[in-house]
Each structure stands twice: as structure tokens, then as C-alpha cells.
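Take 645 as the starting number for the sequence shown in the numbering used here and just add one per residue.
These are computed hints drawn from the structure, not numbers from a lab.
Check before you lean on any hint, since a few could be wrong.
Here are the simulated SDA-like cross-link-like pairs (lysine to any residue), alpha carbons at most 25 Å apart as the crow flies [unchecked claim]:
1) Lys860 <-> Leu739
2) Lys659 <-> Gln689
3) Lys795 <-> Pro846
4) Lys980 <-> Glu969
5) Lys730 <-> Glu715
6) Lys659 <-> Ala688
7) Lys765 <-> Asn784
8) Lys943 <-> Cys974
9) Lys751 <-> Ile764
10) Lys730 <-> Tyr792
11) Lys866 <-> Glu732
12) Lys928 <-> Asp946
13) Lys765 <-> Arg716
14) Lys866 <-> Arg716
15) Lys751 <-> Glu715
16) Lys943 <-> Ile933
17) Lys976 <-> Ser932
18) Lys928 <-> Lys980
19) Lys866 <-> Ala695
20) Lys866 <-> Ser741
21) Lys928 <-> Tyr902
22) Lys866 <-> Ala694
23) Lys659 <-> Ala694
24) Lys751 <-> Ser741
25) Lys928 <-> Lys860
26) Lys976 <-> His919
27) Lys976 <-> Asp896
28) Lys928 <-> Glu969
29) Lys659 <-> Ser966
30) Lys860 <-> Arg873
31) Lys928 <-> Lys976
32) Lys775 <-> Ile764
33) Lys795 <-> Gln745
34) Lys795 <-> Asn822
35) Lys730 <-> Val653
36) Lys775 <-> Val800
What follows is a set of in silico ranges between Cβ atoms, one per label pair, in the way DEER data are often shown [to be verified]:
37) Leu668 <-> Lys759: 46 to 54 Å
38) Ile933 <-> Gly675: 48 to 56 Å
39) Val890 <-> Gln802: 28 to 36 Å
40) Gln685 <-> Arg901: 35 to 43 Å
Treat the numbers as computed from the prediction; the structure is a model and nothing was measured.
Positions of the beta carbon are idealized from the N, C-alpha and C atoms, including for glycine.
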Amino acid sequence: MIDFRSDTVTRPSEKMRTAIASALVGDDVYGDDPTVNHLEQFAAQRHGFAAALFCSSGTQANLLALMAHCERGDEYLCGQQAHNYKFEGGGAAVLGSIQPQPIENEKDGTLDFAKLAAAIKPNDPHFARTKLLSLENTINGKVLPLSYLAKAREFVNQHNLKLHLDGARVYNAAVAQNVDITEITQHFDSVSICLSKGLGAPIGSLLLGDEQLIAKARRWRKVLGGGMRQAGLLAAAGHIALTENVARLADDHANARYLGECLNELSGFEVNINHIETNMVFVKIDPSIDVHALASALKQRDILVSPSNLMRLVMHLDINRSDIELFIQCLKYSLKG
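The whole structure should be built from the sequences, with the hints applied where relevant.
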């Protein structure tokens with residue numbers, strides 16, 4: 645099966661499966677799992693933070709960050725396209741009583757600082773208390789410039805806010821910019837990192853922050869039912885993801901550009917190659933093409949896509965050049981039919 649729907653569909657490598665089978669474990673809720681403890685200590689040091697928390701998912705890590713930074717009746721600023729606003733079930737409002745204040749994303753994925761400043765609420769009991777700015781990098785495959793991150797740090801300092809990064813694919817950003825991950829994480833008070841996307845672990849995300857924030861997040865994780873027991877089985881795979889699967893993300897980026905070039909040769913398909921910065925390809929498909937019928941035809945050939953006239957195709961470690969070429973051949977065949 646060739647699956648272009650997302651990089652969440654990656655399968656653990658044999659090395660990960662071996663590490664899972666042989667991992668030293670304990671009860672993580674008691675703090676007794678040595679493999680989880682090792683991953684958290686390694687991740688905190690690697691990314692320039694005092695502490696880290698192993699979470700079941702990126703959604704959980706983001707929610708814990710919001711709930712650790714904010715109290716009931718507080719507010720966080722974010723983008724209209726932000727995952728923790730649009731695609732995480734309204735968790736901040738539903739479970740944290742935290743009000744999101746979304747701002748329209750610019751074309752490059754950034755948020756305009758003048759618009760953000762205008763959205764900060766005055767110190768008045770009529771309003772929620774603005775406490776946090778949340779950014780996402782990458783966002784829809786776009787990489788936030790390092791200079792923008794530095795300006796975001798200046799902005800939150802000026803307005804007495806905290807700064808969180810939804811870094812589900814932050815390693816894609818670092819690889820695309822050819823910088824060490826700390827060049828990005830240094831600007832933030834907290835960062836979430838997904839291990840189960842392009843990095844290839846089967847499950848898990850990390851939340852990074854100072855000791856006080858992580859202690860608060862750890863408590864909320866337990867309250868939300870996220871306390872896992874022998875979680876070292878998962879942490880073992882997560883450690884391999886961080887230490888061995890970062891550099892190869894460049895292959896996914898190259899494959900995305902190759903796919904985009906191939907799609908541009910097909911009638912009815914249009915890809916802006918200049919917009920491919922990481923592992924995502926967005927292809928405009930002519931309305932005359934029945935994308936649902938096309939997806940069904942591809943599925944019969946063991947190729948999975950999400951049908952849309954602006955289709956997102958995502959590269960990952962289980963897709964290679966041969967898979968892309970087969971996909972293009974099947975597209976041509978299906979379109980003829």
C-alpha cells in the first residue's frame with residue numbers, strides 16, 4: 645500500500661520493533677520507567693530546555709501546553725489555520741476553559757504582528773486575559789523564517805506574553821533551513837514535537853519547557869487520562885526517531901519536489917513548485933475531474949489519497965521514487981478510463 649494521505653501513516657522500522665521488544669520499563673506514572681526518563685532527559689537537553697514530558701499525541705502535548713500556560717478565562721493568540729485551533733476538537737475551550745483568539749494567517753503561514761497586537765485584550769474584567777501566542781512550524785508545509793521567530797520573541801516580551809510552538813513537524817523546518825533544531829526552539833517557552841510523523845515512531849509526542857511548566861503539564865496529563873504505565877515500549881521507538889530519522893527528512897523534501905514536477909506534466913493538475921518547502925505537495929485538480937472516483941480507482945491499485953480538488957499529498961519514509969513513478973502511471977491510467 646502506497647499512502648499519500650499523511651506522514652502519520654509511517655510504520656516502525658525493524659530497529660524500532662527490536663527496541664520496543666527489548667525496552668527496559670517501569671510504571672511511568674510513578675516516574676519509574678527508565679526508558680521514558682531517558683527520552684525525556686535526552687529531549688530536554690537536545691532542544692535546550694530544562695524538562696520534557698512524553699505524551700501520547702501531538703494534540704495532547706499542545707493541549708497540555710495551553711493548559712499549563714493559561715488558566716480558566718485566559719486567552720491564547722493563534723492562526724486561523726493553526727492545528728491546535730482548527731483540528732484538535734476545540735480542546736482548549738472544551739477542557740481548559742481557554743479562549744482561542746485566531747488571526748488570519750498570511751500567505752507564508754506567518755501572523756501579522758500588528759494584527760496580533762490589536763487582538764490583545766485590555767486589562768478589564770469584560771475581556772479574557774491574553775496570556776500566550778501559539779505559532780506552528782511547519783504550517784501546511786511552509787517554514788517560518790528564523791528572522792520571524794526572533795521577531796515573535798521580541799513581540800511576546802514587549803506584551804508580557806508566553807510563546808508556544810506547535811512543532812509537530814519542526815524537524816522538517818530545521819532540515820529545510822539546514823540549521824540545528826535549537827536555532828528554532830531557542831525562541832520559545834514551550835515546544836511540542838511529534839515523533840510519529842516524518843520521524844517514523846509509531847506513537848508519541850514530546851512537550852518541552854521549564855521545570856515548572858512541565859510539572860504542571862504532567863499533572864494535567866494525569867487528569868486528562870494521559871498517564872501511561874510501561875510507556876518505555878513507546879519511548880524506545882521515540883528515541884530512535886530523534887537520533888536516526890532526522891537527516892533522512894531531506895529525502896522526503898526532495899521526493900515532494902519530484903512529485904510536484906511529475907504532476908505538472910499531467911493535464912488538469914497544477915502544482916506551484918515554489919510552494920513546496922518540505923514534504924507536502926498541494927495540487928490543484930481541474931473541477932472536470934471527479935476526484936472521488938479517482939481516489940476510488942487508485943485505492944483499487946493500493947494507492948491511498950484524500951480526495952479534494954486541492955489535494956494534499958504527503959511524503960514520508962515509506963514512499964520512495966519508485967512509488968511516486970507508479971502513482972503517476974496509475975493516475976494516467978485512471979484518467980484515461
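Tested hints:
1. Lys860 <-> Leu739: Holds, at about 15 Å.
2. Lys659 <-> Gln689: 24 Å, holds
3. Lys795 <-> Pro846: 35 Å, violated
4. Lys980 <-> Glu969: 17 Å, holds
5. Lys730 <-> Glu715: 20 Å, holds
6. Lys659 <-> Ala688: 23 Å, holds
7. Lys765 <-> Asn784: 28 Å, violated
8. Lys943 <-> Cys974: 10 Å, holds
9. Lys751 <-> Ile764: 22 Å, holds
10. Lys730 <-> Tyr792: 23 Å, holds
11. Lys866 <-> Glu732: 19 Å, holds
12. Lys928 <-> Asp946: 22 Å, holds
13. Lys765 <-> Arg716: 15 Å, holds
14. Lys866 <-> Arg716: Given pair Lys866, Arg716 holds - Cα atoms ~18 Å apart, limit 25 Å.
15. Lys751 <-> Glu715: Violated, because 32 Å separates the two Cα atoms, which is more than 25 Å.
16. Lys943 <-> Ile933: 16 Å, holds
17. Lys976 <-> Ser932: 15 Å, holds
18. Lys928 <-> Lys980: 19 Å, holds
19. Lys866 <-> Ala695: 17 Å, holds
20. Lys866 <-> Ser741: 18 Å, holds
21. Lys928 <-> Tyr902: With a Cα-Cα distance of about 16 Å, the restraint between Lys928 and Tyr902 holds, given a limit of 25 Å.
22. Lys866 <-> Ala694: Holds, because 21 Å separates the two Cα atoms, which is no more than 25 Å.
23. Lys659 <-> Ala694: Since the Cα atoms of Lys659 and Ala694 sit roughly 29 Å apart, the hinted pair is violated (cutoff 25 Å).
24. Lys751 <-> Ser741: Between Lys751 and Ser741 the Cα gap is close to 30 Å, so the pair fails against 25 Å, i.e. violated.
25. Lys928 <-> Lys860: 44 Å, violated
26. Lys976 <-> His919: Since the Cα atoms of Lys976 and His919 sit roughly 24 Å apart, the hinted pair holds (cutoff 25 Å).
27. Lys976 <-> Asp896: 23 Å, holds
28. Lys928 <-> Glu969: Status holds; Cα separation ~19 Å.
29. Lys659 <-> Ser966: 23 Å, holds
30. Lys860 <-> Arg873: Judged against 25 Å, a Cα distance of about 19 Å means the pair holds.
31. Lys928 <-> Lys976: Holds - the C-alpha atoms of Lys976 and Lys928 are around 16 Å apart, at most 25 Å.
32. Lys775 <-> Ile764: This hinted pair holds, its Cα atoms lying about 9 Å apart.
33. Lys795 <-> Gln745: 20 Å, holds
34. Lys795 <-> Asn822: Holds: Lys795 and Asn822 sit about 20 Å apart, inside 25 Å.
35. Lys730 <-> Val653: 21 Å, holds
36. Lys775 <-> Val800: 9 Å, holds
37. Leu668 <-> Lys759: 46 to 54 Å: The hint (46 to 54 Å, Cβ to Cβ) holds, given that Leu668 and Lys759 are roughly 49 Å apart.
38. Ile933 <-> Gly675: 48 to 56 Å: Roughly 55 Å apart at Cβ, these two residues keep to the hinted range, so it holds.
39. Val890 <-> Gln802: 28 to 36 Å: Holds, at about 33 Å.
40. Gln685 <-> Arg901: 35 to 43 Å: Distance hint for Gln685, Arg901 holds at roughly 37 Å.
Violated hints, listed in ascending order, are 3, 7, 15, 23, 24 and 25; each of the other numbered hints is respected by the structure.
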